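**Student:** Please construct the entire structure, taking both the sequences and the accompanying hints into account.
First to last, the sequence lines map onto chains W and Y. Residues 1 to 701 in the numbering used here are what the first sequence spells out, letter by letter. Residues 1 to 205 in the numbering used here are what the second sequence spells out, letter by letter.
Simulated from the structure, these hints should not be mistaken for laboratory data. Keep in mind the model is a prediction, meaning the values are calculated, not measured. Hints are not guaranteed to be accurate.
Listed next, with one range per pair, are the computed distances between beta-carbon atoms [claimed, not checked]: (1) W:427 - Y:47: 43 to 51 Å; (2) Y:149 - W:431: 53 to 61 Å; (3) W:290 - Y:63: 29 to 37 Å; (4) Y:104 - W:293: 49 to 57 Å; (5) W:677 - Y:125: 49 to 57 Å.
No residue lacks a Cβ here, since even glycine has one placed at the ideal position from N, Cα and C.
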Amino acid sequence: MPPLVPQPLHTSSPDVLEDIASGGIEAEDSHTLEPTSAHADILNTFDPLAHHEEQSAREAWASAEGHPLPVPPKQDPAPRESGNPTSSSFPSFSSFARSFALPSLPNVSMSLVAGSRVRPQSLDTAMVVQTPVHPVSFAAQQDADIESRGSPKMDAATLPTQVVHSALRRNDPSQERPVGKDKDPQFDFQKFLDQMKTKSAEPVARYLRSFLSNFAKRTFTVTDQVKLINDFLNFISQKMREADVWKLASDSEFDNVMEGMEKLVMNRLYEYTFTPQIAHSNPPRPITTDDLERDRVLGQRIALFGWIEPSHLDVPTAEGSNGFLLFAQQELVKINHYKAPRDKLICILNCCKVIFGLIRHLNSEESADTFVPILIYVVLKANPEHLLSNVEFINRFRNPTKLQSEAGYYLSSLMGAVSFIETMDHTSLSGITQEEFEKNVEAAIQTLPSSRSQSPPLPSSSSSSGSSSPSVNPNLSAVNRPPANPIPVPSPAPSLRQSLHAGEEPATPLALPSIDARRLLQRTGDSLSKPLSAIGRIFSEALDGAEEAIVSQFTPPQTPATTLLKSSAQDPSVPQAPYKPWVRRNSPSPSPSVGRPSASAPHMPPDDTPQRHSTQAQTLALPQNSYSTSRTGTPTAGLDIPGLQAEIDAAHTRAADAARGTLIQIFPTVDQEVIEWVLEANEGDLGRSIEALLEIGGSGN
Amino acid sequence: MSKQLQFKLVLLGESAVGKSSLVLRFVKDQFDDYRETAFLTQTVNLDDGTSVKFEIWDTAGQERYKSLAPMYYRNANCAVVVYDITQTASLEKARNWIRELQRQADPSIVIALCGNKLDLAARRQVTQEEAQKYAEEEGLMWAETSAKTGEGVSDIFTRIAKKLPTTAQPASRGGASRAGATAGRAGVDLNKQQRPSTSADQCNC
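**Tutor:** The structure is reproduced here in structure tokens:
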């Protein structure tokens, strides 16, 4: 029985490279369709083929235009459509197709196609967060050793059943690498996007654009959203099967293709489907779930338990276990970095995988008896923002067939951990009396509110202060609504995504990371996570800026830049709505200009500490500026790509340092030289290096 | 034309009754190392050519994590509730689990009561008669096993496999179909498997 090969999660950043869809959507009502010359510059700078591709794409388009879509209306109706209860409120696919108007699409889509080509590989992959602690550190190997990294992947062919086994097992690493490439196709989002750009996929792309734009036009209940998206994916899968580009794909390859389609659709619909995003949408959209309230309550509750020690949950500890725990927390927190349910689920898987690494490291029994308490501990310490929203989002929008098996097991475990935390009292813990428990909670309550307006006295409380302030006052919900920000999120994406909806976003995100870094620093003494995540943030943001810049030309209503221009020029009250939550949240802070984006002066979080500020401010100054610039009208010009490249290179170097540091922390007894050697042998892959060092350590045990 | 079925099996029982070891024995025919994880799969091939793949969901047995169990047995097709024949109290715990399953789990769930540590029969506290009688009353499958020696282990899983409905649809392939998308989530969704046959009958090791 050949071991399943842990397939790397080769997920291109969710934020990147989805112009196909967005371009189409926005094309219809966009008035800024012309690719700017700056655009072209970028294209040519990074992709010598870009121009050529654009040419041929235009030709392809021209010829396609000459021949009406090869999809006769008769074929259009989705099979499931007839029975679709929501079909009445939702235009049929055939009507999509018929009503599809592409006045200016040629320009847009071509420029977008070319645009997506533009991004240098390093940019595309740099943001991909895989197993490793720091996204950046693995950028280089994204393509080279995806399968060897042992990251979970989710295609049906190889549900990650084996990931845990093989990735962290003493005798497996040798087997897993070589087998991979040929056997099971791995998920390759970039490849999927490329395929989507082929001529034979054009009908599919049109259906997609039509669906997305129609989806965006109305408000649906969550239930309807789930149904619509599922119906669409079922429908489109058939159309895709008919396209030449996928006709010959094997089942498992095609499964990956559909994974790509799910990811693409959900990335594009993220702001309509992920509740915390809806909350920040502009124009405001109604929220039909109680996700945010549940997030708030859970976040608050977790904040009361910052004092919990591993021993309270019978979590065994040993030298180096802190490193694993931190690692696992970071993986979990990344859930907010990604948009697609698939990627979010992978974050959970990665987190659990790291926990099993710890269990192995501890030589404990790898059973649920050991696993569950550690997971609970990790959730308590990580306190990921919007955890319940994320879990619900996954449950709703992840392909149900992918929610079975191991992925389902870990998702269920996470939900179990949450429910444990929700009902936890002193009887749930070990070695603590009722009095002690209550005293600790009381102390946490005392600490949290005050930490909001000032430098938080406690690292743990600072992390969750904003969202979890237990004080029950009228504006509590307002205060807690965007806990998103106060809660440490090492990855830049959440804030960036918010930046989609509010012009001042770029500033807000900066706050969190610094808090986060400090918290991590204080708690674990891991001095390395700080610079690294800063770097990761930097160029992720810059990248997002780039992407947005490109997209923004076609998405006036959604991009901050446009919103800004519009709002300031035409209707000052317009921007207020989306900013409300921010304003309220920040009201106690000395930062009154929240709603006014400023490229030159990124807002620092009011509750951040000074020393961290300066560091962050310096580090982030450059990208921040280019980012902002790009948002205010000259998207590409402001983006310092060469500088970005240099930054990436530097980030890689620093990532390597960080990886070494992490390893030293986890394996304090292992000779440094050995660590470096292992790291090098694994091409800098932290996950694999840990695995390898466990091997070494394991043999010694 | 062999049928391939896939079922979710939830593993319940007090800590230290050896439920993890039991599964490890079943899946890997090993006992003495700790190389199991909380999620394993194993395929049983029945005489009629049907292959039944179990997805085995381990649960934390500690009392304090009892409230998490519903997350795990939701949509389970079968449950193995393990007790330790040398610990009377563990049978009591098993009874509690079974009551809960009967109340809360899918009504069609197949429950097997499993007395483990048969190799320690000398220290037996739970008689066969007592356990068997209880199992009969409740309509459960029952067996005694030894994860250590392997005795009875594959037997009980095979019996479960035979008792599970064989009418479940093998996966409608097509790769892309989200297999009853919304519906798949609600019911006993594990009867549909989406994996290509090449990997479907591999076990997990």
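**Student:** Hint by hint, which ones does the structure fall short of?
**Tutor:** The structure breaks hints 2 and 4; every other hint is satisfied.
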